[in-house]
Amino acid sequence: MKRFKSWTRRFAMTFLFLMALLTTFQTISGVEAKSLISFVGINDGWKQDEAEVSFIKNKFKSIELAFKPIKRAAELKPLISSSEAAAEVPPLEEAINWSQYPKKTVTATGYTAGYESTGKYKNHPEFGITYSGVKVKRDLYSTVAADLNVFPIGTVLFIPGYGYGVVADKGGAIKGNKLDLYYETVDDVYKKWGKKTLDVYIIETGDGNLSEEQLTAWNENEAMQVFRQQYIKSE
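Residues in the sequence shown are numbered consecutively from 24, following my numbering.
A couple of the hints might just be wrong.
To be verified - Below, simulated BS3-like cross-link-like pairs (lysine-lysine); rule was C-alpha separation at most 27 Å, straight line:
1) Lys-219 - Lys-143
2) Lys-198 - Lys-127
3) Lys-215 - Lys-158
4) Lys-193 - Lys-126
5) Lys-201 - Lys-126
6) Lys-198 - Lys-214
7) Lys-193 - Lys-158
8) Lys-214 - Lys-158
9) Lys-201 - Lys-215
10) Lys-160 - Lys-215
11) Lys-193 - Lys-160
12) Lys-193 - Lys-215
13) Lys-218 - Lys-127
14) Lys-158 - Lys-143
None of these hints come from the bench; they were simulated from the model. All of these numbers come straight from a predicted model, not from anything done at the bench.
Generate the whole structure from the sequences, applying the supplied hints.
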């Protein structure tokens with residue numbers, strides 16, 4: 024009888040876990056179970072409406088990108104315990120083995136959305152809007168400008184001392200192995216960065232596209248919040 028109760032309890036817990044997992048998946052992705060079945064059918068050769076096929080594949084691409092930060096967080100060294108204070112969490116520079124990613128030496132400067140960098144004032148309709156269409160942002164995942172022949176739009180870089188930089192913009196003076204890192208004010212540019220030559224790590228090469236939804240998902244990913252707090256507190 025005890026064994027029967029034990030197996031019953033395990034079955035119930037497994038069922039509840041699977042239901043919670045499915046609910047979480049649908050909440051994050053917006054893809055219902057029937058769409059998932061359709062996606063499997065697509066790969067197995069089922070006939071589907073072309074628009075539906077494109078929609079579902081785009082959804083899964085978005086899911087894959089959104090879950091990349093979780094995958095990186097899972098690779099962290101076990102340096103953090105629930106009993107440790109947030110102040111004791113190591114910075115990203117120390118928490119992840121960056122040598123696993125390809126690197127490139129670049130010269131990085133800072134820029135703002137203001138006239139001194141873009142020639143636009145706050146009343147300009149495109150003030151603060153990058154070449155990719157997303158708004159400039161300084162966060163754990165910040166918008167940066169690059170030579171798109173070197174780093175396409177959507178490329179995710181880790182920049183020591185700055186955080187993750189997502190290529191969202193370009194600039195007339197940004198040619199070759201150069202980056203422009205976004206800061207909110209001119210004072211921040213000079214006090215917190217200036218001009219540096221350093222190695223940056225290529226986490227993912229972009230495909231030419233970037234959306235506000237992707238940028239928000241990366242910055243608001245629950246697994247990365249402890250690191251995000253380090254960066255936004257320092258800003």
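Structure-inconsistent hints, enumerated in ascending order: Checked against the structure, no hint fails, so every one of them is satisfied.
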